[in-house]
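Line by line, the protein sequences are chains S and C.
313 is the number that my numbering gives to position 313 of the first sequence; each next residue is one higher, with no gaps.
270 is the number that my numbering gives to position 270 of the second sequence; each next residue is one higher, with no gaps.
Worth flagging that the hints you see were computed from the coordinates, not collected in a lab.
Hints are not guaranteed to be accurate.
As the list claims (entries may be wrong) - Derived lysine-lysine pairs resembling BS3-like cross-links, with alpha carbons at most 30 Å apart:
{"no.": "1", "chain 1": "S", "residue 1": "253", "chain 2": "C", "residue 2": "141"}
{"no.": "2", "chain 1": "C", "residue 1": "215", "chain 2": "S", "residue 2": "30"}
{"no.": "3", "chain 1": "S", "residue 1": "253", "chain 2": "C", "residue 2": "306"}
{"no.": "4", "chain 1": "C", "residue 1": "141", "chain 2": "C", "residue 2": "215"}
{"no.": "5", "chain 1": "C", "residue 1": "283", "chain 2": "S", "residue 2": "141"}
{"no.": "6", "chain 1": "C", "residue 1": "283", "chain 2": "S", "residue 2": "136"}
{"no.": "7", "chain 1": "S", "residue 1": "41", "chain 2": "C", "residue 2": "283"}
{"no.": "8", "chain 1": "S", "residue 1": "253", "chain 2": "C", "residue 2": "283"}
{"no.": "9", "chain 1": "S", "residue 1": "141", "chain 2": "C", "residue 2": "27"}
{"no.": "10", "chain 1": "C", "residue 1": "165", "chain 2": "S", "residue 2": "253"}
{"no.": "11", "chain 1": "C", "residue 1": "283", "chain 2": "S", "residue 2": "242"}
{"no.": "12", "chain 1": "S", "residue 1": "245", "chain 2": "C", "residue 2": "283"}
{"no.": "13", "chain 1": "S", "residue 1": "13", "chain 2": "S", "residue 2": "136"}
Said to hold, decoys possible - Covered stretches of chain S, as calculated for chain C (at least 3 residues, CB under 8 Å):
{"no.": "14", "region": "156-170"}
{"no.": "15", "region": "178-189"}
{"no.": "16", "region": "195-202"}
{"no.": "17", "region": "214-224"}
{"no.": "18", "region": "254-264"}
Claimed, not checked - Quick partial rundown of chain C residues pointing at chain S, CB under 10 Å, derived from the structure:
{"no.": "19", "residue": "71"}
{"no.": "20", "residue": "237"}
{"no.": "21", "residue": "266"}
{"no.": "22", "residue": "311"}
Idealized CB from N, CA, C, for every residue including glycine.
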Amino acid sequence: MKDDVLISVKNLKKYFPVRRGILKEKKYIKAVDGVCIDIHKGETFGLVGESGCGKSTLGKCIIRMYDITSGEIYFKNKEIGKLKSSEIKSSRNNSMQIVFQDPYSALDPSWTVAKILSEPLIQKGASNKECMERGKYLLNKVGMTEMDMERRPYEFSGGQRQRIGIARALMSNPEFVVCDEPISALDVSVQAQVINLLKDLQEEFGLTYLFASHDLSIVRYMSDWIGVMYSGKIVESGYSDKVYKNPLHPYTKILLDAIPSIYSEKRKKDITISPENLDNFSNVYEGCPFAYSCEYAKEHCKEGKPLLQEVQSGHFVACFHY
Amino acid sequence: MYFELLQNQEAGREKAMDKLMEVNNLKTIFRLNGKVLTAIQDINFEIYPGEVLGVVGESGSGKSLTMKSIMGILPENAMIEKGKVLYKGVNILNLKEREKRKLRGKEISMIFQDPMTALNPLRTVEYHLKEVISRHQGGGKLYSREKAIEMLKKVGIRNAEERMKQYPHEFSGGMRQRVLIAMALSCEPSLLIADEPVTALDVTTQVQILNLLKKLQTEHQMATILITHDLGVTSDMCTRVIIMYGGHIMEEGTKNQIIFHPNHPYTRALLRSSMDREKGVAKRLYTIEGYPPSLYEHLQGCPFEKRCRFASEKCRNEVPEYQYYEDGHRTLCHFRGEKLDER
Numbered sequence: 001m002k003d004d005v006l007i008s009v010k011n012l013k014k015y016f017p018v019r020r021g022i023l024k025e026k027k028y029i030k031a032v033d034g035v036c037i038d039i040h041k042g043e044t045f046g047l048v049g050e051s052g053c054g055k056s057t058l059g060k061c062i063i064r065m066y067d068i069t070s071g072e073i074y075f076k077n078k079e080i081g082k083l084k085s086s087e088i089k090s091s092r093n094n095s096m097q098i099v100f101q102d103p104y105s106a107l108d109p110s111w112t113v114a115k116i117l118s119e120p121l122i123q124k125g126a127s128n129k130e131c132m133e134r135g136k137y138l139l140n141k142v143g144m145t146e147m148d149m150e151r152r153p154y155e156f157s158g159g160q161r162q163r164i165g166i167a168r169a170l171m172s173n174p175e176f177v178v179c180d181e182p183i184s185a186l187d188v189s190v191q192a193q194v195i196n197l198l199k200d201l202q203e204e205f206g207l208t209y210l211f212a213s214h215d216l217s218i219v220r221y222m223s224d225w226i227g228v229m230y231s232g233k234i235v236e237s238g239y240s241d242k243v244y245k246n247p248l249h250p251y252t253k254i255l256l257d258a259i260p261s262i263y264s265e266k267r268k269k270d271i272t273i274s275p276e277n278l279d280n281f282s283n284v285y286e287g288c289p290f291a292y293s294c295e296y297a298k299e300h301c302k303e304g305k306p307l308l309q310e311v312q313s314g315h316f317v318a319c320f321h322y
Numbered sequence: 001m002y003f004e005l006l007q008n009q010e011a012g013r014e015k016a017m018d019k020l021m022e023v024n025n026l027k028t029i030f031r032l033n034g035k036v037l038t039a040i041q042d043i044n045f046e047i048y049p050g051e052v053l054g055v056v057g058e059s060g061s062g063k064s065l066t067m068k069s070i071m072g073i074l075p076e077n078a079m080i081e082k083g084k085v086l087y088k089g090v091n092i093l094n095l096k097e098r099e100k101r102k103l104r105g106k107e108i109s110m111i112f113q114d115p116m117t118a119l120n121p122l123r124t125v126e127y128h129l130k131e132v133i134s135r136h137q138g139g140g141k142l143y144s145r146e147k148a149i150e151m152l153k154k155v156g157i158r159n160a161e162e163r164m165k166q167y168p169h170e171f172s173g174g175m176r177q178r179v180l181i182a183m184a185l186s187c188e189p190s191l192l193i194a195d196e197p198v199t200a201l202d203v204t205t206q207v208q209i210l211n212l213l214k215k216l217q218t219e220h221q222m223a224t225i226l227i228t229h230d231l232g233v234t235s236d237m238c239t240r241v242i243i244m245y246g247g248h249i250m251e252e253g254t255k256n257q258i259i260f261h262p263n264h265p266y267t268r269a270l271l272r273s274s275m276d277r278e279k280g281v282a283k284r285l286y287t288i289e290g291y292p293p294s295l296y297e298h299l300q301g302c303p304f305e306k307r308c309r310f311a312s313e314k315c316r317n318e319v320p321e322y323q324y325y326e327d328g329h330r331t332l333c334h335f336r337g338e339k340l341d342e343r
């Protein structure tokens with residue numbers, strides 16, 4: 001394994017059990033189904049996909065908010081996939097954190113900002129004074145003031161709350177931060193502010209990000225490497241410019257076409273990925289998960305599963321057409 | 001008064017180019033803890049049959065409140081202080097509650113942002129649709145059922161007869177939004193107000209819903225007000241655009257004027273800070289520093305003054321007046337667009 005790989009995920013699976021019907025037959029939703037990724041130190045891995053494709057689950061598995069079904073996760077060459085929750089707690093607090101999508105529900109409404117920010121450090125056994133000092137330092141870093149320490153979340157706008165969420169994630173001086181759709185709940189003018197902030201913090205503290213979003217143009221802007229996820233699998237991955245400028249997988253093409261453009265006059269073709277396909281088909285059918293929505297699908301697509309393979313240097317795709 | 005409205009409607013059909021709705025000097029206030037907070041003021045705009053008017057602004061800019069004022073569904077502590085809303089020539093703000101209820105749903109329909117909270121989780125989709133249809137069109141049970149199926153098919157829900165018996169939680173976000181559209185269009189309204197109809201949806205689902213709206217809008221020749229904060233969606237859908245900020249209309253113009261020749265500093269900043277496929281990747285994104293003004297701030301001058309890079313002393317102290325350009329293009333700014341180009 002190379003030295004600069006911070007996180008390496010091998011064949012990660014996370015199945016959620018569901019019981020349905022009179023016979024209570026046990027079935028599984030395969031939220032993450034055999035994902036392999038490497039995240040390099042100081043870089044941003046962008047994860048794109050629609051809701052329900054498993055990108056949040058993948059992020060939460062890596063920082064071990066969820067127990068994994070099978071597979072391996074290496075953090076700095078140390079296997080953390082099988083650690084017990086008590087063991088994982090210390091390593092998570094020290095080096096891995098998450099910024100959540102919805103800044104309205106991610107902060108406890110009855111806590112002051114000071115208490116919200118202190119929480120991760122108190123878990124580590126830091127003193128109150130240390131917490132306050134670091135809290136003030138980080139609030140300044142995210143563009144807020146010390147005065148805000150005694151205020152409560154409802155007094156802030158969405159953008160400011162997301163800044164507090166980012167400051168909280170950085171309190172324990174992590175190396176790796178999962179950003180789970182951090183800007184999709186924000187206004188356009190504030191989105192750009194938060195994106196710039198995340199980039200500045202990355203440069204200053206040498207952070208490594210896993211950045212999940214459904215908007216490919218934002219992911220491309222943030223990331224060095226992009227992974228496109230569909231139905232629990234990575235269907236395409238590569239350097240962000242390569243994926244963006246020359247998408248290979250039919251699903252990536254659709255995703256890219258769907259982004260409304262301000263300056264382009266071209267009307268979008270109607271897209272027929274019915275969301276129903278997303279959660280059922282991958283569990284029931286063998287074969288390519290996208291085969292039932294794909295306009296290029298042939299018979300053999302529905303039979304065998306395509307594997308992720310390198311078709312150009314630094315550009316992988318899981319499709320039978322390449 | 002409602003009868004008068006119906007008569008005007010007949011007359012209106014003959015002169016198709018007549019305004020469908022005209023909003024004059026609308027001002028809505030909130031009463032909160034004994035304070036009076038002005039939420040929107042000096043709102044003036046018109047909408048013609050068959051056109052799609054985009055209303056763009058950040059959260060808190062007053063776009064939803066404007067629409068709620070028009071529909072008469074304001075929260076209890078809000079009040080329309082002055083202004084007129086002439087719908088087919090009749091001021092609908094003066095209608096009695098009973099008359100307004102006839103108007104909503106039948107003449108003016110609304111689609112809300114969050115398709116989960118807009119539907120009653122304890123009622124089937126069939127119940128929702130039949131309620132709207134039987135209230136406004138009468139007809140027997142059989143008629144409303146048939147009409148409900150027809151509408152669901154129209155919005156692209158397969159197996160309409162069976163899916164109708166299901167509850168909202170059994171539908172995905174995009175499907176729920178289709179149900180809301182079916183409800184809103186079931187009485188063939190002349191005006192549809194869509195409040196952020198695709199914001200809560202995935203990009204691929206967005207395209208489906210927008211294409212559906214566009215198709216139905218042309219089919220029914222219905223005027224649409226599309227509220228959104230996504231300029232990409234605006235550019236795709238709208239014929240005319242209003243930009244709102246801090247409770248004021250900052251700029252109004254046709255789509256091409258707003259997108260390609262914006263004359264207000266706020267519109268320009270919004271366009272610059274949006275990420276777009278056609279633009280290259282800059283090292284840093286352009287941002288508008290600061291946050292939109294809160295209702296508690298008492299503003300003497302222009303609401304955008306604090307975040308505007310062209311702001312001067314005058315902007316702080318005096319409320320600007322509209323600058324007019326060709327084809328009804330106007331901006332609320334002390335400076336003309338050409339002047340801004342030079343600076």
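Status of each hint after checking the structure:
| no. | hint | in the structure |
| --- | --- | --- |
| 1 | 253(S) - 141(C) | violated, 46 Å |
| 2 | 215(C) - 30(S) | violated, 36 Å |
| 3 | 253(S) - 306(C) | violated, 41 Å |
| 4 | 141(C) - 215(C) | holds, 29 Å |
| 5 | 283(C) - 141(S) | holds, 20 Å |
| 6 | 283(C) - 136(S) | holds, 29 Å |
| 7 | 41(S) - 283(C) | holds, 20 Å |
| 8 | 253(S) - 283(C) | holds, 25 Å |
| 9 | 141(S) - 27(C) | violated, 40 Å |
| 10 | 165(C) - 253(S) | violated, 36 Å |
| 11 | 283(C) - 242(S) | holds, 18 Å |
| 12 | 245(S) - 283(C) | holds, 18 Å |
| 13 | 13(S) - 136(S) | violated, 40 Å |
| 14 | 156-170 | holds (count 4) |
| 15 | 178-189 | holds (count 3) |
| 16 | 195-202 | holds (count 3) |
| 17 | 214-224 | holds (count 7) |
| 18 | 254-264 | holds (count 11) |
| 19 | 71 | violated, 24 Å |
| 20 | 237 | holds, 9 Å |
| 21 | 266 | holds, 9 Å |
| 22 | 311 | violated, 16 Å |
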